[in-house]
Amino acid sequence: MTKDEIEKQLVKDFGEHIEIQTTDQPEPFLYVAKEKYVEFCKYLTENPSLAFDFLFQLGGAHFVDASGQGEKFDVILCLASSKHKHEMVLKVKLPAENLALGTVTGIWRVADFYELEAMELYGIKFPDHPHPRRLLLDDDWDYGYPMRKGWSGHPDFIPMPDKSESAE
Amino acid sequence: MGMIEKAPLYLERLPGGGVVTTSVEGLLNWSRASSLWYLLFGLACCAIEMMATGASRYDFDRLGMFFRASPRQADLMMVCGTVTHKMAKRIKVLYDQMADPKYVLAMGGCASNGGPFYYDSYSVLKGIDKVIPVDVYIPGCPPRPESLMEGALKVREIIMKQKMKDFAGDRAMQS
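Residue numbers (the working numbering), protein chains in the order written: chain D, 1 to 168; chain S, 169 to 343.
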């Protein structure tokens, strides 16, 4: 399916829960409501005309606005269909005060490791994850979530010196 | 012909004494330096250069250097690559398992001081000398096989200069 066809199909079935972004990319980008996330993922795999059977990336993102006060998180999934050879990018917005999200490990097995990674590096919580454990970081890691903006929790951490200062 | 010219001939035949001890030390050092078995510790791109050094074009074997996959059989630990905090603990364990006398060679910028991951890195250890004593550092990212061979020759120089009293005990405790 082409980008327009996928978007039309999704709007027809999940119109009020998704928010399609306009980009110049060849694949559709869209946000889905947090409450409908797992249901929507299941629909993407099971609908025969979409058939997104392959999750090739699940990651987190942390945004802080210029004042440094407001922060928000995204979970980003890159999906592909081996049957129809089309792709899409699915995102979920998470407020900083509640980072819990349903798990999609029952839909794509590979999401197991990706969700653990987002759990460790961004602090996004997946309460329904079937096998929560430490994956990447040190076994006795107790220094917070290193991929968040402005993180400097580890005692050995040395931030990059400001280049504008050294140029003077 | 005076006695002075014949002195080396007589001295070697003397039983006991300082001259004989020195040559045993020299023989021992020479044999250790010529069969330097190293523990494989390839962690990143430096490992590729180490493999190239071990392969036929550069040929570590002609220095008597063979890789061992067990710390019990190794004299030299070549840490080739980026060491994370998680891996640093394993390196310490393997170093402790090696039999004395043992040597450590830090290959590349990452193993020496963190290299390109010195700034803004949550996971990379800033040099393996934070956990184990290092004998030779090799700069480069990654160093060419020639550099690694030069480093191996430096380790041999260190071995050749050692005295017998240096062998006893853990060198990490002494330094």
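Source of the hints: derived by calculation from the structure; they are not laboratory data. Among the clues, some could well be false.
Unchecked claim - So the derived label-pair ranges between C-beta atoms look like this:
#1 D:Ser152 to S:Gly232: 31 to 37 Å
#2 D:Lys85 to S:Ala212: 42 to 48 Å
#3 S:Met219 to D:Pro26: 36 to 42 Å
#4 D:Lys85 to S:Gly232: 51 to 57 Å
#5 D:Pro159 to S:Ala212: 18 to 24 Å
#6 S:Glu318 to D:Asp139: 32 to 38 Å
#7 S:Ala212 to D:Asp139: 44 to 50 Å
#8 D:Pro159 to S:Ala237: 36 to 42 Å
#9 S:Glu318 to D:Pro159: 32 to 38 Å
#10 S:Pro269 to D:Glu71: 50 to 56 Å
#11 S:Trp205 to D:Val110: 38 to 44 Å
#12 D:Val110 to S:Met219: 58 to 64 Å
#13 D:Ala61 to S:Lys257: 29 to 35 Å
Glycine included, every Cβ here is placed at the ideal spot set by N, Cα and C.
Each hint, compared with the structure:
no. : hint                             : result
1   : D:Ser152 to S:Gly232: 31 to 37 Å : 47 Å, violated
2   : D:Lys85 to S:Ala212: 42 to 48 Å  : 35 Å, violated
3   : S:Met219 to D:Pro26: 36 to 42 Å  : 40 Å, holds
4   : D:Lys85 to S:Gly232: 51 to 57 Å  : 56 Å, holds
5   : D:Pro159 to S:Ala212: 18 to 24 Å : 23 Å, holds
6   : S:Glu318 to D:Asp139: 32 to 38 Å : 37 Å, holds
7   : S:Ala212 to D:Asp139: 44 to 50 Å : 21 Å, violated
8   : D:Pro159 to S:Ala237: 36 to 42 Å : 39 Å, holds
9   : S:Glu318 to D:Pro159: 32 to 38 Å : 35 Å, holds
10  : S:Pro269 to D:Glu71: 50 to 56 Å  : 54 Å, holds
11  : S:Trp205 to D:Val110: 38 to 44 Å : 41 Å, holds
12  : D:Val110 to S:Met219: 58 to 64 Å : 31 Å, violated
13  : D:Ala61 to S:Lys257: 29 to 35 Å  : 31 Å, holds
Hints 1, 2, 7, 12 from the list above are not met by this structure, while the remaining hints are.
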